[in-house]
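**Student:** Residue-level listing of the chains:
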Amino acid sequence: MKRIYAVLIDILAFGYILGSIVFLLQQIFDFSLQLLPLILLSLILTLICLFLEDSLGLLIFGFSAGKKYWHSFSGWLITVMLILTFICGWIIVEINPLYFFEGINNTRGILQGLFSPNFQNLLPMLSALAETIYLALLATIFALPFAFAFSFLAARNLMPNTFWGNSIYIFIRTLATFFRSVEAIIWAIIFCVWVGIGPFAGMLALMIHSIASLTKLFSEQIENIDQGPVEAITGTGASTLQIWLYAVIPQIVSPFLAFTIYRWDINVRMATIVGFVGGGGIGLALQQEQQMLRWHNVGLIIWLIAITIWIMDMVSGKVRARLMEL
Amino acid sequence: MEFIKISNLHKTYPGGIKALKGIDLEVKQGEFLILLGLSGSGKSTLLRCLNRLIPSTQGSIIFQGKEVTTASQVNLRGIRRQIGMIYQQFNLVKNLSALTNVISGYLGYLSLSKSLYPLLDKELVNKAQKNLKRVGLEQMAEKKVRNLSGGQQQRVAIARTLMQDPQLILADEPVASLDPATADSVMRYLGELNRNDGITIICSLHFLSLARKYGSRVIALKDGNIVFSGSPSEIDPNRFREIYGEDAEEVDIV
Ligand SMILES: Nc1ncnc2c1ncn2[C@@H]1O[C@H](COP(=O)(O)OP(=O)(O)OP(=O)(O)O)[C@@H](O)[C@H]1O
Ligand SMILES: [Mg+2]
Numbered sequence: 001m002k003r004i005y006a007v008l009i010d011i012l013a014f015g016y017i018l019g020s021i022v023f024l025l026q027q028i029f030d031f032s033l034q035l036l037p038l039i040l041l042s043l044i045l046t047l048i049c050l051f052l053e054d055s056l057g058l059l060i061f062g063f064s065a066g067k068k069y070w071h072s073f074s075g076w077l078i079t080v081m082l083i084l085t086f087i088c089g090w091i092i093v094e095i096n097p098l099y100f101f102e103g104i105n106n107t108r109g110i111l112q113g114l115f116s117p118n119f120q121n122l123l124p125m126l127s128a129l130a131e132t133i134y135l136a137l138l139a140t141i142f143a144l145p146f147a148f149a150f151s152f153l154a155a156r157n158l159m160p161n162t163f164w165g166n167s168i169y170i171f172i173r174t175l176a177t178f179f180r181s182v183e184a185i186i187w188a189i190i191f192c193v194w195v196g197i198g199p200f201a202g203m204l205a206l207m208i209h210s211i212a213s214l215t216k217l218f219s220e221q222i223e224n225i226d227q228g229p230v231e232a233i234t235g236t237g238a239s240t241l242q243i244w245l246y247a248v249i250p251q252i253v254s255p256f257l258a259f260t261i262y263r264w265d266i267n268v269r270m271a272t273i274v275g276f277v278g279g280g281g282i283g284l285a286l287q288q289e290q291q292m293l294r295w296h297n298v299g300l301i302i303w304l305i306a307i308t309i310w311i312m313d314m315v316s317g318k319v320r321a322r323l324m325e326l
Numbered sequence: 327m328e329f330i331k332i333s334n335l336h337k338t339y340p341g342g343i344k345a346l347k348g349i350d351l352e353v354k355q356g357e358f359l360i361l362l363g364l365s366g367s368g369k370s371t372l373l374r375c376l377n378r379l380i381p382s383t384q385g386s387i388i389f390q391g392k393e394v395t396t397a398s399q400v401n402l403r404g405i406r407r408q409i410g411m412i413y414q415q416f417n418l419v420k421n422l423s424a425l426t427n428v429i430s431g432y433l434g435y436l437s438l439s440k441s442l443y444p445l446l447d448k449e450l451v452n453k454a455q456k457n458l459k460r461v462g463l464e465q466m467a468e469k470k471v472r473n474l475s476g477g478q479q480q481r482v483a484i485a486r487t488l489m490q491d492p493q494l495i496l497a498d499e500p501v502a503s504l505d506p507a508t509a510d511s512v513m514r515y516l517g518e519l520n521r522n523d524g525i526t527i528i529c530s531l532h533f534l535s536l537a538r539k540y541g542s543r544v545i546a547l548k549d550g551n552i553v554f555s556g557s558p559s560e561i562d563p564n565r566f567r568e569i570y571g572e573d574a575e576e577v578d579i580v
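Going line by line, the protein sequences match chains A and B. My numbering applies: residue 1 is where the first sequence begins, and numbers increase by one. My numbering applies: residue 327 is where the second sequence begins, and numbers increase by one.
So here's chain B without its partners, still in its complex pose (with noise of 0.2 Å):
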């Protein structure tokens, strides 16, 4: 059984835009899988279909022997809980600790009476803890979120997924808007979350050396289908050049 196996995915949103055209895909588990591509070639679209928080048009979507696509709100929501997600503007509640926005990946296995109170439910504080202390943040938990920097919010956001102990965790330009150096910091907790815990992670990023540091595979699309699947070192000069058009050359950034 493949980990996930999409085939012929199609979105097109309302206003008529063709985002994906028939992506056929399959992922194993424990790949660190890099996708490349344009603005606008469809990656954030392909990450967000893969747990539904945009509905795709056409085609099917397996996770672990369960179809997403069709998947009732009851199974989404099992479905979603194993996927983790990390987004480029982190999204996390700005006026809110640390360690609450961490509390908040648990949600999905917590009834809503549950999730009243969570700061008196010492596992789960204590997981939070553990969770904040995986990168390196046991120290900024009573933080406001607003006061913590680039680097260290995207920190959180990876604890906040750790707490959904996910099988899957796709990430949405996860260092876009972050420096160079703290850019790598973040990809290298990602790294470690894909070697040592298993977790099979989809990442989207603009930088190929990333990609070749971190990535065990790279796709790249291109105006919503896949023109390059393989290995980071197969991309030369002139496979560049095809994914990202033809005045297209490298720079490198870290």
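If we strip away everything but chain A, and leave its shape as in the complex, we get (with noise of 0.2 Å):
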């Protein structure tokens, strides 16, 4: 089976490294080639490379040709692959270190209004920033119930081995990661056609997000309890129920709480984001002043969700360092 994954490895690299080539030939001549002849020129390297006894899966498996890196075909492989990608890469970002510099200028409007915000607009603004704020404090709080629930389910300790236990952990566990890898940005433009454009949309967004990154980090925490006290329970003769009552929840409900105020403090910060694609809230304004030009607006906005975060940021801290202790 090893040797299966190697020879994979193989035509990937010399894929990767031939694909490589033909991009960098294609931005200099106007030349193209197909996919076809590709995969075949790095199937019959990868063929050489078996009856050399030395590429660059066998290495990842171990089996090293035994010579010095600079004198093994592999380690000349990884060079030359790391070479083209640094090159390919220069390439396809476009750097320009010129514009980089020539453009400075460009920032000034930016610069001016971030060190003289328009405190003319402060109340708009903090209601803004109020709607934020509450916006991802209901996101956590309505994701807080969905997740304990889940979380119990997601738990390998608490699951009966048996068919119905394993497939509902693999089912939660499964849809959790397919939620949490949306980044929150898609779910608010999901729910800004669904539910319309305002905090509402962000609020779903952030709690999807929420619910499921929550469920992961709960059932994480269940399964890392100390089993002692569940076998302890389960001897006196007690209930399923019970013993979650009893040997568990005790064990897992200030770490929960400090998961759910850490959690709050990573919506508000996503709510800002989540604000941009219509999500309601600060970013919204953000959004809307920026695209107006008008700097010395965003320049408070900055302001205000600095401050925020900053503040946000040391408290939950506080908090949770005291619920550790608990």
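Treat the hints with care, as some may be off.
Quick list of in silico lysine to aspartate or glutamate cross-link-like pairs, DMTMM-like style, CA-CA up to 20 Å [unchecked claim]:
1) B:548 x B:350
2) B:420 x A:226
3) B:420 x A:223
4) B:420 x A:231
5) B:548 x B:568
6) B:469 x A:325
7) B:459 x B:449
8) B:344 x B:328
9) A:216 x A:265
10) B:440 x B:491
11) B:470 x A:325
12) B:459 x B:523
13) B:392 x B:350
14) B:354 x B:518
15) B:469 x B:491
16) B:392 x B:464
17) B:470 x A:226
18) B:420 x B:464
19) B:548 x B:562
20) B:420 x A:325
21) B:459 x B:447
Honestly, the hints are just simulated from the structure, not real lab data.
Both chains are given apart, each in its own frame, so use the hints to dock them into the complex.
**Tutor:** Following this line, the structure appears as structure tokens:
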């Protein structure tokens, strides 16, 4: 099996090297190559490698050729790959140091705005900020009961090792991973269409994301509890729910609260981003002011966000530290 | 009718390790039975099979006329209620008070709704207080278990077990993580429960001196088999080497 993986890795490595070379040639000459010959070529190179007994795949699985890095074919290949990756990356990302220095003048407006924020707009901006904080808070609160319930079903040590137990465990875990891997900003776009632009859409987006990530954090916390009390309470003849009540929940309450507060903290940050695509709150205001190039208002908003996050960070850190002592 | 009758008990762990290889054992009511044996000889496995914290693979365990190995979930809970268990690591919930930990020993007798606010139940609290007093910890009721010493924690665990009004107490190396003096005091509490309350005790130990002092009978396990059964005084240096291997020599710790 390892040999098959090794061969696959070699094919991919050669494919990558050849692909990068073709890409570079395309940039210089107007020249294009079909996919098929590329794949065939890397297959052939891999076959040659098989006879050399010295290739990347073999190296990864620990069958080293026993030569010095610079003398081995695989070492040489790695070097080529690194250099090609860097060159291609430079071209793809359109790196241009000249722009970096020439363009500095364009930021004058923003910088000026930042240093002389428009306090005339403080009141409406503060209300937008409150919207952000509240929508983040409600997203967290609404997510909490769902995540709490799901986390028990997604904890390996609580689910029985039966067909249904395993199915539920895998189902919830997979779902949580999926919902977490879709960024909150994507959910915000979906919900803006669903319920219309505004804080409600932002809250729903953050809630979905919070449920998924809290479920994961919570269930991992449950999996890390001390199993001793669970065993002991089981031994007294208690029922499953009583065991959860007396041996599991007391061990997880304070870490759960700590995670929840941390999540609120994260949600406030995310709420600004989510606001940008229509999720309401200060993010939406920031996007509107920025579109109108009202830099003094933008400056005010940036200050407000920075101060809020700074305070949240401090407070939630303190509270969490206290909770962990309980 | 025997109090406990174990016949041809086998336990094979999922990995294929055979921890028990056909144990036959009868225990009479009121015995203080000591389990000896090297690490890995199967002591913990045997104790946990008795209340089915671990399912056995083959054989039968009759406890007070009831078959443990095949009991339904409901009956199993009834059986477990009668059997207290003490653990080497105490197995208390560290961030709850001693009192709540003791109360949790009574859960087998409570419905789910009754177990929600146990501290409101005067009778239950009194019972728990009484049991804490028996182990000399009435002053510590409100304290978080985390702030108690090892010996105190093990005594809380004993009080928790007493809430079950058990017929039998299984103790898995109850003093292995305590210093010798504390170990002896914890064993004294177990001895007293055995003598005064007539609770049968099966206790695994590593110290022969404690076995001699408290045990009424000793069983020695080796590789999942019983290799010795007799009174503690019968264990002479030869027997000792049979149990613990050729090079072993008794060291007195207490
Ligand atoms: N959960 C488990 N899974 C697999 N094998 C196990 C498990 N628990 C115990 N064993 C194995 O079963 C055998 C008996 O273990 P057991 O814990 O009963 O011994 P013990 O006499 O209690 O030892 P100790 O004095 O170290 O507590 C050992 O070989 C051990 O490795
Ligand atoms: Mg053991």
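**Student:** With a cut-off of 20 Å on the C-alpha distance, tell me whether residue 459 of chain B and residue 447 of chain B pass.
**Tutor:** Distance of about 18 Å is within 20 Å: holds.
**Student:** Residue 392 of chain B and residue 464 of chain B: Cα distance at most 20 Å?
**Tutor:** 36 Å, violated
**Student:** Taking 20 Å as the top limit, are the C-alpha atoms of residue 469 of chain B and residue 491 of chain B close enough?
**Tutor:** 24 Å, violated
**Student:** What's the verdict on residue 548 of chain B and residue 562 of chain B, does the C-alpha distance respect the 20 Å limit or exceed it?
**Tutor:** 17 Å, holds
**Student:** Please work out if residue 344 of chain B and residue 328 of chain B have their alpha carbons no farther apart than 20 Å.
**Tutor:** Cα-Cα ~27 Å, so violated.
**Student:** Against the 20 Å threshold, does the CA-CA distance of residue 548 of chain B and residue 568 of chain B hold or violate the hint?
**Tutor:** Distance ~9 Å between residue 548 of chain B and residue 568 of chain B Cα, so the pair holds.
**Student:** For a C-alpha distance cap of 20 Å, please report whether residue 420 of chain B and residue 226 of chain A respect it.
**Tutor:** 9 Å, holds
**Student:** Taking only the CA atoms, is the gap from residue 440 of chain B to residue 491 of chain B under or equal to 20 Å?
**Tutor:** 18 Å, holds
**Student:** Does residue 469 of chain B pair with residue 325 of chain A here, judged by a C-alpha cut-off of 20 Å?
**Tutor:** 15 Å, holds
**Student:** Does the structure keep residue 548 of chain B and residue 350 of chain B at a Cα separation of 20 Å or less?
**Tutor:** Holds, at about 14 Å.
**Student:** With a cut-off of 20 Å on the C-alpha distance, tell me whether residue 420 of chain B and residue 325 of chain A pass.
**Tutor:** 12 Å, holds
**Student:** When you check the alpha-carbon spacing of residue 459 of chain B and residue 449 of chain B, does it fall within 20 Å?
**Tutor:** 15 Å, holds
Going down the numbered hints, you'll see the structure goes against 8, 15 and 16, while the others check out.
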